[in-house]
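**Student:** Residue numbers (my numbering), protein chains in the order written: chain A, 1 to 143; chain B, 144 to 192.
These aren't lab readings, by the way, just hints derived from the structure by calculation. Misleading hints may appear alongside valid ones.
Computed list of lysine-lysine pairs in DSS-like fashion (alpha-carbon distance at most 30 Å, straight line) [unchecked claim]:
| no. | chain 1 | residue 1 | chain 2 | residue 2 |
| --- | --- | --- | --- | --- |
| 1 | A | 50 | A | 129 |
| 2 | B | 183 | B | 166 |
| 3 | B | 150 | B | 191 |
| 4 | B | 191 | A | 116 |
| 5 | A | 129 | B | 148 |
| 6 | A | 129 | B | 187 |
| 7 | A | 101 | B | 148 |
| 8 | B | 150 | B | 187 |
| 9 | A | 121 | B | 191 |
| 10 | B | 187 | A | 121 |
| 11 | B | 148 | A | 116 |
| 12 | A | 129 | B | 183 |
| 13 | B | 166 | A | 116 |
| 14 | B | 162 | B | 150 |
| 15 | B | 166 | A | 129 |
| 16 | B | 162 | A | 116 |
| 17 | A | 121 | B | 183 |
| 18 | B | 162 | B | 187 |
| 19 | B | 183 | A | 26 |
| 20 | A | 101 | B | 150 |
| 21 | B | 150 | A | 129 |
| 22 | A | 16 | A | 26 |
| 23 | B | 162 | A | 121 |
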Amino acid sequence: MFGIGFHGIMPEFYRKTIDLINKSEKPVISLDIPSGINADTGQIESSAVKAGLTITMELPKPGLFLPPAIDFTGKLEIAKLGYPPEITNNPELLINLLEEKDILPLIPSWPASAHKGSRGKILIIAGSKNYIGAPFLAAASGH
Amino acid sequence: MPETKNKSFSLSSLEDILKLTEKSDAVLLGPGMSQDEETKSLIKFLSKE
Numbered sequence: 001m002f003g004i005g006f007h008g009i010m011p012e013f014y015r016k017t018i019d020l021i022n023k024s025e026k027p028v029i030s031l032d033i034p035s036g037i038n039a040d041t042g043q044i045e046s047s048a049v050k051a052g053l054t055i056t057m058e059l060p061k062p063g064l065f066l067p068p069a070i071d072f073t074g075k076l077e078i079a080k081l082g083y084p085p086e087i088t089n090n091p092e093l094l095i096n097l098l099e100e101k102d103i104l105p106l107i108p109s110w111p112a113s114a115h116k117g118s119r120g121k122i123l124i125i126a127g128s129k130n131y132i133g134a135p136f137l138a139a140a141s142g143h
Numbered sequence: 144m145p146e147t148k149n150k151s152f153s154l155s156s157l158e159d160i161l162k163l164t165e166k167s168d169a170v171l172l173g174p175g176m177s178q179d180e181e182t183k184s185l186i187k188f189l190s191k192e
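Model the full structure from these sequences, guided by the hints.
**Tutor:** Listed below in structure tokens is the structure:
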């Protein structure tokens with residue numbers, strides 16, 4: 001219904017249609033982007049199709065990975081359309097996406113006999129008045 | 144640890160912090176250090192060290 005150029009409020013007819021799709025309990029596949037998502041920001045201003053699978057054309061759009069849209073993208077597949085490398089390798093279009101597989105190899109494994117003294121010491125300089133939650137989580141993940 | 148009037152890290156805590164870093168294998172700077180200007184200067188200084 002709506003593509004990557006969509007932004008703003010959609011007419012009621014489309015909102016009702018999207019509601020029907022989302023309540024259908026049928027497999028939902030979106031092509032390029034689920035209707036209703038802002039492709040650049042991930043914002044959903046009225047309503048959006050909640051896809052089980054999104055097949056995006058050639059280049060993934062930033063909005064597919066950003067909240068709140070990220071919960072509407074579902075599984076993401078990329079369909080190659082045969083864009084020339086001048087476009088697909090254009091540094092102005094490339095954005096880095098940090099994924100679990102990038103982070104996990106950086107976390108060292110330790111022998112089962114490791115104890116708190118053998119894993120080094122971290123100094124956490126963090127927090128201020130009213131900002132105590134994030135430093136707590138940082139300390140917990142260092143544990 | 145000395146603090147600013149906004150209850151964040153102050154520049155005068157620099158020396159104490161540097162002493163602590165010498166005993167550490169890794170240092171995490173942030174999160175939640177606030178937008179206080181004095182704290183920002185401290186963060187800039189510490190990240191250069």
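**Student:** For each hint, tell me whether it holds in the structure or not.
**Tutor:** Each hint, compared with the structure:
1. Proposed proximity of residue 50 (chain A) and residue 129 (chain A) is contradicted: the alpha carbons are some 40 Å apart, above 30 Å.
2. Pair hint residue 183 (chain B) plus residue 166 (chain B) holds up; C-alpha atoms about 24 Å apart against a cutoff of 30 Å.
3. Distance hint between residue 150 (chain B) and residue 191 (chain B) is fulfilled; the C-alpha atoms sit about 23 Å from each other, no more than 30 Å.
4. Pair hint residue 191 (chain B) plus residue 116 (chain A) holds up; C-alpha atoms about 29 Å apart against a cutoff of 30 Å.
5. Among the hinted pairs, residue 129 (chain A) with residue 148 (chain B) is consistent with the structure: their alpha-carbon atoms are about 10 Å apart, no more than 30 Å.
6. A distance of roughly 20 Å separates the Cα atoms of residue 129 (chain A) and residue 187 (chain B); the hinted pair therefore holds under the 30 Å criterion.
7. Among the hinted pairs, residue 101 (chain A) with residue 148 (chain B) is inconsistent with the structure: their alpha-carbon atoms are about 43 Å apart, more than 30 Å.
8. For the proposed pair residue 150 (chain B) and residue 187 (chain B), the alpha carbon gap of about 18 Å is at most 30 Å, so the pair holds.
9. Between residue 121 (chain A) and residue 191 (chain B) the alpha-carbon distance is near 21 Å, which keeps this suggested pair within the 30 Å criterion.
10. Straight-line distance between C-alpha atoms of residue 187 (chain B) and residue 121 (chain A) comes to about 23 Å, which keeps the hinted pair within the 30 Å bound.
11. Among the hinted pairs, residue 148 (chain B) with residue 116 (chain A) is inconsistent with the structure: their alpha-carbon atoms are about 36 Å apart, more than 30 Å.
12. At most 30 Å may separate the alpha-carbon atoms for a hinted pair to count; residue 129 (chain A) and residue 183 (chain B) meet this at roughly 15 Å.
13. Of the supplied pair hints, the one linking residue 166 (chain B) and residue 116 (chain A) holds, its CA atoms being roughly 15 Å apart against a limit of 30 Å.
14. The suggested pairing of residue 162 (chain B) with residue 150 (chain B) holds, with an alpha-carbon distance near 21 Å, which does not exceed 30 Å.
15. Between residue 166 (chain B) and residue 129 (chain A) the alpha-carbon distance is near 26 Å, which keeps this suggested pair within the 30 Å criterion.
16. Between residue 162 (chain B) and residue 116 (chain A) the alpha-carbon distance is near 22 Å, which keeps this suggested pair within the 30 Å criterion.
17. Pair hint residue 121 (chain A) plus residue 183 (chain B) holds up; C-alpha atoms about 25 Å apart against a cutoff of 30 Å.
18. Of the pairs offered as hints, the one joining residue 162 (chain B) and residue 187 (chain B) holds, with about 17 Å between alpha carbons and a cut-off of 30 Å not exceeded.
19. At most 30 Å may separate the alpha-carbon atoms for a hinted pair to count; residue 183 (chain B) and residue 26 (chain A) exceed this at roughly 52 Å.
20. For a cut-off of 30 Å, the pair hint linking residue 101 (chain A) to residue 150 (chain B) is broken: about 38 Å separates their Cα positions.
21. Between the alpha carbons of residue 150 (chain B) and residue 129 (chain A) the distance comes to roughly 5 Å, so the proposed pair stays at or under 30 Å and holds.
22. The hinted pair formed by residue 16 (chain A) and residue 26 (chain A) meets the criterion: a straight-line CA distance of about 16 Å does not exceed 30 Å.
23. Under the criterion of a C-alpha separation no larger than 30 Å, the hint pairing residue 162 (chain B) with residue 121 (chain A) is consistent with the structure, at around 14 Å.
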